[in-house]
Amino acid sequence: MTTMISAWSAISPFGLDAVAFAEGVQGGRRPADCAVPGFDTREVLGRKGTRTMDRVTALAVATAKPLVEGLGDETALVLGTNVSSVKSSMDFARDTLTEEKPFYVDAGRFPNAVLNCAAAQCAIWHTLKGPNATVSGGRATGLLALNYARRLHRSGRATGAVLCGATEELTEERSWLELKDASSPLSEGCAMFLLERDGPGQAEVLAVEFGVCSDLTQAGGVLRRCVDRAFASSDAEPESLWLIVGSGGEGEDLDGIPAKRLCVTDLVGDTFAASSAFGIATVLALAEAERRDGTALVTAVDRDGVVGCALLRLTGEGTR
Amino acid sequence: MGAGDRAGVMTRRVAVTGLGVVSPIGIGVAAFTGGLRSGRSGAAPARSFDTTGFEHDIACEVPDFEEPAGVGRTSALAVAAARMAVEHAGAPDLRERRGLVAIGSTMGESRDIDTLVAQELADGPAGLDPAVVRRINAGRLSVSIAHELGLTDVEAVTIPTACAAGNYAIGYGYDVVRAGEAGFALCGGADALCRKTFAGFYRLGAMAPERCQPFDRGRRGMLTGEGAGVMLLEDLDSARERGAPILAEVLGYGLNCDAAHPVAPDAGSVARCMRLALKNAAVKPEEVGFISAHGTATKANDIAEARAVKEVFGEESPPRTVSMKSMLGHTLGAASALAAIGCVVALTEGFIPPTINHVETDPECGLDCVPNHAVPADLRVVQNNALAFGGNNAILLLGRYEAEAVAT
Amino acid sequence: MAKMRDIVCEILELDPDEVTDDSLFKEDHGADSMGTIEILALLEKEYGVVIDEAELIRMVNLSGVYAVVAEVAGWERATERAS
Numbered sequence: 001m002t003t004m005i006s007a008w009s010a011i012s013p014f015g016l017d018a019v020a021f022a023e024g025v026q027g028g029r030r031p032a033d034c035a036v037p038g039f040d041t042r043e044v045l046g047r048k049g050t051r052t053m054d055r056v057t058a059l060a061v062a063t064a065k066p067l068v069e070g071l072g073d074e075t076a077l078v079l080g081t082n083v084s085s086v087k088s089s090m091d092f093a094r095d096t097l098t099e100e101k102p103f104y105v106d107a108g109r110f111p112n113a114v115l116n117c118a119a120a121q122c123a124i125w126h127t128l129k130g131p132n133a134t135v136s137g138g139r140a141t142g143l144l145a146l147n148y149a150r151r152l153h154r155s156g157r158a159t160g161a162v163l164c165g166a167t168e169e170l171t172e173e174r175s176w177l178e179l180k181d182a183s184s185p186l187s188e189g190c191a192m193f194l195l196e197r198d199g200p201g202q203a204e205v206l207a208v209e210f211g212v213c214s215d216l217t218q219a220g221g222v223l224r225r226c227v228d229r230a231f232a233s234s235d236a237e238p239e240s241l242w243l244i245v246g247s248g249g250e251g252e253d254l255d256g257i258p259a260k261r262l263c264v265t266d267l268v269g270d271t272f273a274a275s276s277a278f279g280i281a282t283v284l285a286l287a288e289a290e291r292r293d294g295t296a297l298v299t300a301v302d303r304d305g306v307v308g309c310a311l312l313r314l315t316g317e318g319t320r
Numbered sequence: 001m002g003a004g005d006r007a008g009v010m011t012r013r014v015a016v017t018g019l020g021v022v023s024p025i026g027i028g029v030a031a032f033t034g035g036l037r038s039g040r041s042g043a044a045p046a047r048s049f050d051t052t053g054f055e056h057d058i059a060c061e062v063p064d065f066e067e068p069a070g071v072g073r074t075s076a077l078a079v080a081a082a083r084m085a086v087e088h089a090g091a092p093d094l095r096e097r098r099g100l101v102a103i104g105s106t107m108g109e110s111r112d113i114d115t116l117v118a119q120e121l122a123d124g125p126a127g128l129d130p131a132v133v134r135r136i137n138a139g140r141l142s143v144s145i146a147h148e149l150g151l152t153d154v155e156a157v158t159i160p161t162a163c164a165a166g167n168y169a170i171g172y173g174y175d176v177v178r179a180g181e182a183g184f185a186l187c188g189g190a191d192a193l194c195r196k197t198f199a200g201f202y203r204l205g206a207m208a209p210e211r212c213q214p215f216d217r218g219r220r221g222m223l224t225g226e227g228a229g230v231m232l233l234e235d236l237d238s239a240r241e242r243g244a245p246i247l248a249e250v251l252g253y254g255l256n257c258d259a260a261h262p263v264a265p266d267a268g269s270v271a272r273c274m275r276l277a278l279k280n281a282a283v284k285p286e287e288v289g290f291i292s293a294h295g296t297a298t299k300a301n302d303i304a305e306a307r308a309v310k311e312v313f314g315e316e317s318p319p320r321t322v323s324m325k326s327m328l329g330h331t332l333g334a335a336s337a338l339a340a341i342g343c344v345v346a347l348t349e350g351f352i353p354p355t356i357n358h359v360e361t362d363p364e365c366g367l368d369c370v371p372n373h374a375v376p377a378d379l380r381v382v383q384n385n386a387l388a389f390g391g392n393n394a395i396l397l398l399g400r401y402e403a404e405a406v407a408t
Numbered sequence: 001m002a003k004m005r006d007i008v009c010e011i012l013e014l015d016p017d018e019v020t021d022d023s024l025f026k027e028d029h030g031a032d033s034m035g036t037i038e039i040l041a042l043l044e045k046e047y048g049v050v051i052d053e054a055e056l057i058r059m060v061n062l063s064g065v066y067a068v069v070a071e072v073a074g075w076e077r078a079t080e081r082a083s
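Protein chains in written order, with my numbering: chain X, 1 to 320; chain V, 1 to 408; chain R, 1 to 83.
Some hints here could point you the wrong way.
What the hints assert, rightly or not - In silico SDA-like links for lysine to any residue, alpha-carbon gap of 25 Å or less: (1) R:Lys45 <-> V:Asp57; (2) X:Lys101 <-> R:Glu46; (3) X:Lys101 <-> R:His29; (4) X:Lys101 <-> R:Lys26; (5) X:Lys87 <-> R:Lys26; (6) X:Lys48 <-> R:Ala67; (7) X:Lys48 <-> V:Glu55; (8) X:Lys101 <-> R:Asp21; (9) R:Lys3 <-> X:Tyr104; (10) X:Lys65 <-> R:Lys3; (11) X:Lys48 <-> R:Ala70; (12) X:Lys65 <-> X:Lys101; (13) V:Lys299 <-> R:Ala70; (14) V:Lys279 <-> X:Lys101.
To be verified - Here chain V is said to cover these stretches of chain X; the calculated rule only asks that three of the stretch's residues, wherever they fall, bring their Cβ under 8 Å from a Cβ of chain V: (15) 54 to 64; (16) 188 to 196; (17) 203 to 216; (18) 247 to 255; (19) 264 to 271; (20) 282 to 289; (21) 303 to 309.
By construction, these hints were calculated from the structure, which means they are not laboratory data. Beta carbons are placed, not taken as given, at the ideal position from N, Cα and C, and that holds for glycine.
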């Protein structure tokens, strides 16, 4: 069987939909402001059910919206996040320390401090009753989610479509917790893909490979082995490689491999947990505009040591 | 070992070869087994945070576990459990083999988040300790294990699907080993108790003042807990080849989502998940020797879960359904991992752990919860339930290891 | 009462004119048990009181909420003494 990406969606610093993202990526210039423009939860999703919804969750629920139409109830979801909303967790913890009694907290916001909040809300909003998983692995999160999703198909746990992606929010709290030496402006957004077994689609997921580097000086070598294995385990020729999109981690250079290079942090800023999902979206957006065949790689090196890549084969078909 | 999408469909049997436990009722499998057999309670006044202002303060902490300096408590719990699991399995050198490390969690490094908030309140954002900031990412729960054990040819993924996360992670390990994508999986779950978790469940009215009494008429809720449970899974053939202890076999599992309510379980959906798990494991309902329930002891959980059990297993004689949370408290992301380990212990040691603190069974639940005392039992198949916030259900089936497959 | 109406409306995501003193949170406004706990939590915080969860059975509408909070906060006794 094959795993095909048949549609995708993105809410990014370029705007509220995939078209805005594609235009932005094709333009090649990072927006000055890396917050998603005009993303107000209540304006985008309405008032009902949004009182306690945090930004990382709202971005995911809204990104899923254009993809879920016409899908069955058994649709699965695999959503990547780092620590969900660190703002939600910190706000909740703060109330336990500053209010008159430690339990004067907002009961309805407790689920926001739990890391599966966004995936759960996506399921509730869009009635997705299939397997519903949350995965986390820093910058490599989007690739880990893709592999989890692919395995849901291969193991037969998902018989229908699988939605897969990753989400990140930009809040003051997150900016406190980022490393001070960050080279790109902090950014936010969510990218999601609709995966289907066999059938038509814009790209086929040929391989997803991972390793761990004990320290970041080893990252390049570990990534190289992942890439070699991705080609070896699929029947793709290394010469077919058209584009490599990095996630802004250390050691993602892959020197000596001839291919067009892009780095997702240069395009949309540092979307941390969503960065490799935006890498996949970048491949799809550019393929629609520029390319009808060949293969593309999305790479990720996380500062904690998770290293990975996904190898995609472009089919030349447009998204649904 | 091809990992491409065109790999063959040959599947492998998946053996449990090692168990690592850091729990409120004991550290290490031997102490944990003793605790389950004797019905030990992990409940005690919480010591890890200031409980002033709460009207009750009972929780299930791991009393004798100090995290090393500079390490987040949740990661430390996960790493300790993983190391024990490998030792328990005869200390194979996993560096030579391709593997998966998958750790589930509900809150991640939540105690560190509390610490950062306290620092921010005291000294503003500039007062945040960079060393603590550096370690809050949820992915570290898994990758820390890889670093600790010197593993580089592994996929390290954290699966924070809340209170079903342990079963999710074990299930993921099962899929990956079964498909031959990895020779081993270190999988389980971890969480550390902290003030905001305690306050959250307290606020929801989900917490008992003193003791956890699942399925009891007088139950008043859960107790929050902490811990970590990690299993080593290996493909059966290589495990046999290296002469590993084969403790049990993972038979299969089911996943689904209620897609209905953020915190209240849906009995029909839980029943559907049980059916998915039984079908995946090729197990008939009557083959299940006992069910390890999610069993939080909240009003809503126990009734919905009991209803689901009866829907799938029949009203007449559903399997005995016990809640290890009566002893362990609700260890969140570790809960279903510790319970799964408890199931393996039950299979190997031949007893069903009790539901302690039991006075009178709630007729609305109406299940034999093996009250207060463990019972000896010759078990072949056991079922481990996990139901999480957001309606994330994961149900795992484990079987006694027999040289011929229990199920095909 | 206006403050309490605001709290209820905020939790149940309603406009103030949609809620009457006697309209039922669950039956008329679709609240679930989580919603009623949220209302209780916000009332406790707002008025600096602690409400026994057993009172939730009375807190089915605005009148019930007012009665419970008044009792817990000791408003009625204060009013009686003043009169």
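Outcome of the hint check:
1. R:Lys45 <-> V:Asp57: The hint holds at about 20 Å.
2. X:Lys101 <-> R:Glu46: Measuring from Cα to Cα gives roughly 11 Å; hence the hint holds.
3. X:Lys101 <-> R:His29: Outside the cut-off at roughly 30 Å; violated.
4. X:Lys101 <-> R:Lys26: violated, 28 Å
5. X:Lys87 <-> R:Lys26: violated, 31 Å
6. X:Lys48 <-> R:Ala67: violated, 28 Å
7. X:Lys48 <-> V:Glu55: violated, 34 Å
8. X:Lys101 <-> R:Asp21: violated, 29 Å
9. R:Lys3 <-> X:Tyr104: holds, 17 Å
10. X:Lys65 <-> R:Lys3: violated, 36 Å
11. X:Lys48 <-> R:Ala70: violated, 30 Å
12. X:Lys65 <-> X:Lys101: violated, 40 Å
13. V:Lys299 <-> R:Ala70: Violated - the C-alpha atoms of alanine 70 of chain R and lysine 299 of chain V are around 28 Å apart, more than 25 Å.
14. V:Lys279 <-> X:Lys101: Answer violated: lysine 279 of chain V to lysine 101 of chain X is near 49 Å, above 25 Å.
15. 54 to 64: violated (count 0)
16. 188 to 196: As far as the region 188 to 196 of chain X goes, the hint is violated, because 0 residues have Cβ atoms under 8 Å from chain V.
17. 203 to 216: holds (count 11)
18. 247 to 255: violated (count 0)
19. 264 to 271: violated (count 0)
20. 282 to 289: violated (count 0)
21. 303 to 309: This one holds; 4 residues, not fewer than the three required, reach chain V with a Cβ under 8 Å.
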